[in-house]
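Q: Assemble the complex: chain A is given as a structure, and chains B, C and D must be docked to it using the hints.
There are 4 protein chains.
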Amino acid sequence: MAKKRLNVGMIGYGFMGRTHSNAFLQAGRFFDLAYQPALTAVCARNAARVQAFADNWGYPSVETDWRRLVERKDIDLVDIASPNDTHAEIAIAAAGAGKIVMCEKPLGRNAAESKRMVDAVESANVPNMVWYNYRRVPAIVLLKNLIEEGKLGRIFHYRAKFLQDWTISRELPQGGEGLWRLDSAVAGSGVTGDLLAHNIDTALWLNGPIRELTAMTETFIKERRHTLTGKVEHVGIDDASAFLSRFENGSLAMFEATRYARGHKALYTLEINGEHGSAMWDLHDLHRIQWFDHRDEGRLRGWRSIHITDSDHPYMKRWWVPGLQIGFEHTFIHQVADFLEALAEGRPAAPTFRDAMATEHVTDAVLKSAKSGSWEQVAG
Amino acid sequence: MAKKRLNVGMIGYGFMGRTHSNAFLQAGRFFDLAYQPALTAVCARNAARVQAFADNWGYPSVETDWRRLVERKDIDLVDIASPNDTHAEIAIAAAGAGKIVMCEKPLGRNAAESKRMVDAVESANVPNMVWYNYRRVPAIVLLKNLIEEGKLGRIFHYRAKFLQDWTISRELPQGGEGLWRLDSAVAGSGVTGDLLAHNIDTALWLNGPIRELTAMTETFIKERRHTLTGKVEHVGIDDASAFLSRFENGSLAMFEATRYARGHKALYTLEINGEHGSAMWDLHDLHRIQWFDHRDEGRLRGWRSIHITDSDHPYMKRWWVPGLQIGFEHTFIHQVADFLEALAEGRPAAPTFRDAMATEHVTDAVLKSAKSGSWEQVAG
Amino acid sequence: MAKKRLNVGMIGYGFMGRTHSNAFLQAGRFFDLAYQPALTAVCARNAARVQAFADNWGYPSVETDWRRLVERKDIDLVDIASPNDTHAEIAIAAAGAGKIVMCEKPLGRNAAESKRMVDAVESANVPNMVWYNYRRVPAIVLLKNLIEEGKLGRIFHYRAKFLQDWTISRELPQGGEGLWRLDSAVAGSGVTGDLLAHNIDTALWLNGPIRELTAMTETFIKERRHTLTGKVEHVGIDDASAFLSRFENGSLAMFEATRYARGHKALYTLEINGEHGSAMWDLHDLHRIQWFDHRDEGRLRGWRSIHITDSDHPYMKRWWVPGLQIGFEHTFIHQVADFLEALAEGRPAAPTFRDAMATEHVTDAVLKSAKSGSWEQVAG
Amino acid sequence: MAKKRLNVGMIGYGFMGRTHSNAFLQAGRFFDLAYQPALTAVCARNAARVQAFADNWGYPSVETDWRRLVERKDIDLVDIASPNDTHAEIAIAAAGAGKIVMCEKPLGRNAAESKRMVDAVESANVPNMVWYNYRRVPAIVLLKNLIEEGKLGRIFHYRAKFLQDWTISRELPQGGEGLWRLDSAVAGSGVTGDLLAHNIDTALWLNGPIRELTAMTETFIKERRHTLTGKVEHVGIDDASAFLSRFENGSLAMFEATRYARGHKALYTLEINGEHGSAMWDLHDLHRIQWFDHRDEGRLRGWRSIHITDSDHPYMKRWWVPGLQIGFEHTFIHQVADFLEALAEGRPAAPTFRDAMATEHVTDAVLKSAKSGSWEQVAG
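The listed protein sequences derive, respectively, from chains A, B, C and D.
Counting in our numbering, the final residue of the first sequence is number 380, and the numbers go up one at a time with none missing.
Counting in our numbering, the final residue of the second sequence is number 380, and the numbers go up one at a time with none missing.
Counting in our numbering, the final residue of the third sequence is number 380, and the numbers go up one at a time with none missing.
Counting in our numbering, the final residue of the fourth sequence is number 380, and the numbers go up one at a time with none missing.
The shape of chain A in the complex, shown without the other chains (with noise of 0.2 Å):
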């Protein structure tokens, strides 16, 4: 059966804007799918960059207007891989368009600019999906599995963690090219967005809402040179960001995000204990999980590594065979494979841009409290 072609239009090339490629193109080799996306366009300021991404992942054509790539005709769905600040126009501007939104994470700068976002394409009924790539890690699907089986019983403690050390040096600056998460006029806020944004996002899709945190956020190097002016400027997003937090489920939970902590370079931890059992997962072994059953043996119990790479897995009897690991790119493939099921099958693919608008509200009280001093309720 022939496969209904989808044409892409990718605004950004950094990056993201290279996974998401990557994962348009691949999608289909590994999956079984109804649609096939074809990158029909690419869209940037800088031109002769713009070209170059074009040329180097085979998209035929280039504009350097988002504006332009929106109103096309041939674009059947705009992926947003460009920095924080612009998602929202072109997102509203996209669904305006009718066009199906994907939009790398987060979704706005904070939650009432996201909802704007889900306003616009809930009202054009447009599908529309968030990249919080990391749902798609099979060893994180897997503990979702256990989790709806009632494996883990009752939960106590959940803990995420994301610690990064790539900007401790002083001699930093701050903004533009590949620094923009760095200023906080483009990215929203420090490690809050960046990070604990993904922490959030797999917590609200493993152990259900948060009802409620306290948190503390820092800013260890208070003035860098900007890229953009040339000066030394006051920086405006926080380096480090934690919270405590209960659950609606009852449980406790601690998080936090930094890019201070030496030897980790994008070590995502999360941990659950349940009343059976527990789960631990890292983003430096993606493929692995620990899993601890209490209700093995007495003297057999151990936490089991589990290497993630049978026919058993999800996701992993479309790769290779057991044994051999896929990698951090993998997930927006899948990403890709699920939503394009999705859309065959006329339904919502998660997390969609309500979905996302949760995870704001979430980082939208941490930043609340760390100015209060106060625990603060969780919106929405």
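Misleading hints may appear alongside valid ones.
Same chains, same label: a pair holds when it works inside one copy or across any pair of copies.
Derived EDC-like pairs: lysine to aspartate or glutamate, alpha-carbon spacing no greater than 20 Å straight-line [said to hold, decoys possible]:
1) K371 x D76
2) K4 x D296
3) K144 x E212
4) K115 x D285
5) K265 x D296
6) K231 x E171
7) K317 x E341
Just so you know, these hints were derived from the structure itself, not from any lab.
Bear in mind that the values here come from a model prediction, so they are computed numbers and not experimental data.
A: Quick look at chains B, C and D alone, frame taken from chain A:
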């Protein structure tokens, strides 16, 4: 040179009575000490059981009233290994009788109680120490040395947890022998005083004073049968306790203790992140330290798993040969050795009663903040 | 600059047909190459299945007779990914037709067969390479560099294993699609040619030639139903194979491969011990290397777990950002990239057919020694 | 009930003199035993040093001639912890004097020497045991139990190694105090008798008799200064030793020991692969076992890291509480406890002299095969 005999009067015969007795017996075999402890008398209310304990460990006499033990002329050192609610009264009497006083942690059930104990030993001018044994783990002493040498540079983050899973069953009663830690009247608090206190003591030693914190606590099982009354009663202790804090050196910290983390028996973990490096340690493999040095050659940077069994590691030249690990009980032996060495040199051995009181200022603030929902300053 | 197109004719559509096809498609996206491979035709006997494969991977044409593929004028490069017993005949014909020839490992079923293949490509003077993909694991390339820089000093020991557990069941048949590796007529040998060959290729590359060895092999299940005949037949392959050996550099080595090691799916491990340091690697966490440097400060010596995802690690600046791991398939992509770079520069890319033949001199000696019970010299 | 006193005469005050003395002192504190060992006399040639040792460990008397110790009426048990070349003569005399005899491993320097020792204790009918202490690691006893219960099913593979790195320097002399293990006249062999012997003893216990083997040995540094003569002399010991073998149960095995493996201090490792599961253990984390059970649910199969500190683990209810690890020295304490329990019940305690002789039949075959280059049958 003949060793000076030091007559030890032990109070309590539980888990800690055993570890302390063993430490007094073993220290002199492995360390070159001017004093030789002699197990002289042990005291507990149950005459038959205390006699059995005395026979096993070689105490030539027993007492069933601690007041008699404290008054005995042949006792030089009173070691308090009985439940928390007895610490203050015994320690104050022992100091009044001019005895050297050692006390199992926590010192008192709160800082006020501890203050009376500190005043007593300081007025009497008697040598004193609290058994925060994890300060004597070779790996942790190595870490202390590395921090003092500046190997980590400016500190950004400190994290510590103490995870257990032994009270998850609803059927477990509270109170009575072996279960007094679940009885708030005896224990003072739950995991805050029992487990977090260990995390805090080490943290204060390694990273300096804590300035302020915000905390949460939880009691998952709200009622349990009380062993002594036979009735189902309200549970007064905290089952889980966590806090965010700021140290005076500007670093951020997260602390957590719980008895509801499946798969973890006694998992005390700590991590410290500095400008130039990071270190991690955990009690389940106490003979290792994880060390990351950012000044290593770039492509060869990694976390080193250091097996702390070489003769240039703290305490280890006293034990076996490289590669052969020691265990939990050795931390108590080291503490006796350090205490006796300090005694011979006429100087205090840390942690003194005063040092230990600092931990209770923190645990008091934790319990206060958990009620107030606000950030609390740490007194002291 | 426009890339030169290189038309690829693939033979075989199994596990290796997939990894090779993916590698040809992906290499140009991530590496800056003068040649762009074009998947032009794929060949296999089953017309329906080869067409499905072609549709999936984008081959515009198919063949069902490899002779036709080899003769096609529009094919520049013949890639052999079919079972071992077909390698020699196809490679010799392809070389005769002046094609570039790439061949899945092992080259032939024994050194004599390989010799004919080497002679063919060398007489025809066509570029050639064998897919010993583990030479392109970033961690192993780093190790190669470290050895060449002398970081390990004199080498004392080399150890390698390849452990699997997928043939333990008596019910598993031999022969036919997906199971030809159990049929000695097709495969040539069992784990010796399938798994040990990988260990040996890497070892020869890292540690130089093997001088002599003594081996043992075993077939645990002696009879299995044959898929093609339907009868229970004698099993001709070796299920397990191990040998002791001496390298020409004076180091001692142990090698082992088996399909009877429960719990290990594809556990290729290697370790090398030198005067100044040691290194370990394994395929289940292929993005890490364990490194021990004896010249580190004594008390801080430890095994470093190096996460091979930084831009100064081999190949990694082509992929994502630090901390984000790649997987198994990337080794094939790297191999294509290296091959095409060498092609552009007019030099051979290792391992050539000649390089790969050296492995078969070793596997021949292994099988010979297993029969003779004696030490055997390695030819070549 | 009063314990029966058992007067111990110790010969040797080195590393093993310390571990044995400690074990005799500690066993009765933690195990409920009918006999109480009393450290009665210690013997060594150097009068000053043996007196210091006696003072430290509480031996009330010393001897400088082992013949006098053996003849003393007040000695019940002679424990031989002196260098290997003294074992036979002392053991035979002690048996002749009707003493209980314990001997550090290896029993003799070869099977012939051991045979004379076996004959002596069996003729005299005296209780006897060899200190192969790793049989008393709780993790290994658990593994023994699991094998006997059939949890692994048919065994396919056994692997063991003992890796050290302390003799790599050319400057290290041979012979004399602390270095007699490098002097072949005293030690009998190098790593074969010192390290492989441990691997073999455990293997015979866990997996039954070894039928045949083929071996290689190497001496990397061929000449070293001899401490006693002051001259540079030929090195007679083996620095590295490895062998392939077949057990009588049909399983294949690889064994290796070396003192030239950088980064490994005393890394005794073992692995056993059976039809239904596998297990691994190593001495650097002796309180853990790695366990894989193929009968676990497919998607949840993984290697369990079992922390052997629970009360249902062998020996562990005698020690502390779950999560608190023991160390190397405890294996000797367990061995004393087991020996005394067997003594009280009038049965032999393994490994007896006869059991230990079986290991030397294997090490003899290793040394023979390393010379002959042939497979050798194991005698006995």
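Q: Work down the list of hints and note, for each, if the structure agrees.
A: Right, here's what the structure says about each hint:
no.	hint	verdict
1	K371 x D76	neither (43 Å within a copy, 55 Å between copies)
2	K4 x D296	neither (48 Å within a copy, 42 Å between copies)
3	K144 x E212	neither (23 Å within a copy, 37 Å between copies)
4	K115 x D285	neither (35 Å within a copy, 42 Å between copies)
5	K265 x D296	between (35 Å within a copy, 15 Å between copies)
6	K231 x E171	within (13 Å within a copy, 60 Å between copies)
7	K317 x E341	within (17 Å within a copy, 33 Å between copies)
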